[in-house]
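S.K.: My request is simple: use the sequences and hints to build the entire structure.
Just so you know, our numbering puts the end of the sequence shown at 145, numbered straight through with nothing missing.
These are computed hints drawn from the structure, not numbers from a lab. Values in this document were obtained by computation on a predicted structure and should not be read as measured data. Warning: the hint list may mix true and false statements.
Unchecked claim - If you anchor each label on the Cβ, the simulated ranges turn out as follows:
no.: 1; residue 1: SER33; residue 2: ASP136; range: 22 to 28 Å
no.: 2; residue 1: GLY124; residue 2: THR59; range: 41 to 47 Å
no.: 3; residue 1: ASN38; residue 2: LEU108; range: 39 to 45 Å
no.: 4; residue 1: LEU108; residue 2: LYS58; range: 28 to 34 Å
no.: 5; residue 1: ALA19; residue 2: LYS141; range: 18 to 24 Å
no.: 6; residue 1: ILE112; residue 2: SER26; range: 17 to 23 Å
no.: 7; residue 1: ARG94; residue 2: LEU54; range: 17 to 23 Å
no.: 8; residue 1: SER26; residue 2: GLU93; range: 24 to 30 Å
no.: 9; residue 1: GLY102; residue 2: THR71; range: 30 to 36 Å
no.: 10; residue 1: ASN142; residue 2: LYS66; range: 41 to 47 Å
no.: 11; residue 1: THR71; residue 2: LYS110; range: 22 to 28 Å
Even for Gly, the Cβ is constructed at its ideal location relative to N, Cα and C.
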Amino acid sequence: MFVSVFFFVLFSFSDVFAQKLAIKSSVANVRSGPGTNYEVLWQVEKYTPMLVLDKDKTGKWYYIKDFEGTIGWINKDLLIKMDTVITKPRDERCNIRSGPGTDNDVLFKAIKGVPFKALERKGNWIHIQHADGDDGWIHKNLVW
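M.R.: Dropping the structure here:
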């Protein structure tokens, strides 16, 4: 009995901790503590992926980390389980292409820190869509 309860608790927590969730609202506040009375550290836009590290005792606030390793707190109702990525180019900008491969045309370029919904994955390429509707393909090494 103890072993089955232990595994249930362990796997219940692992569903939340160390998983990537995405911002579902157009803009969300990341705070210094678990509550609206805490300072807003920064704001994030729709589709920004966040790694959940922990939650508060009420279960309403998640302690998160972003793609740069910055940490803060966000209300769980602002997050959704969705496949998203955020640009992390080696240079200033990364190419968003018309198809999966460098032989396809560059549709536009994205700077570091632009979040996208991942629509499809094909080998090393990801078909992405921004909240404004722009879409294209990006190499997986250019995102987090």
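S.K.: Next step is simple, just say for each hint if it's right about the structure.
M.R.: Hints, verified against the model:
A hinted range of 22 to 28 Å for the beta carbons of SER33 and ASP136 is inconsistent with their spacing of about 35 Å. Separated by about 43 Å at the C-beta atoms, GLY124 and THR59 satisfy the suggested range of 41 to 47 Å. Between ASN38 and LEU108 the beta carbon distance is about 43 Å. The supplied range of 39 to 45 Å therefore holds. Separation of LEU108 from LYS58 is about 46 Å and departs from the stated range, judged on CB atoms against 28 to 34 Å.
A hinted range of 18 to 24 Å for the beta carbons of ALA19 and LYS141 is consistent with their spacing of about 20 Å. At roughly 22 Å, the beta-carbon separation of ILE112 and SER26 lies within the given 17 to 23 Å, and the hint holds. In this structure the supplied range 17 to 23 Å is violated for ARG94 paired with LEU54, their Cβ-Cβ distance being about 30 Å. Under the hint 24 to 30 Å, the C-beta atoms of SER26 and GLU93, about 28 Å apart, fit the expected range.
Between GLY102 and THR71 the beta carbons are some 33 Å apart, a value that agrees with the proposed interval 30 to 36 Å. Separated by about 20 Å at the C-beta atoms, ASN142 and LYS66 break the suggested range of 41 to 47 Å. Between THR71 and LYS110 the C-beta distance comes to about 24 Å, which sits within the given range of 22 to 28 Å.
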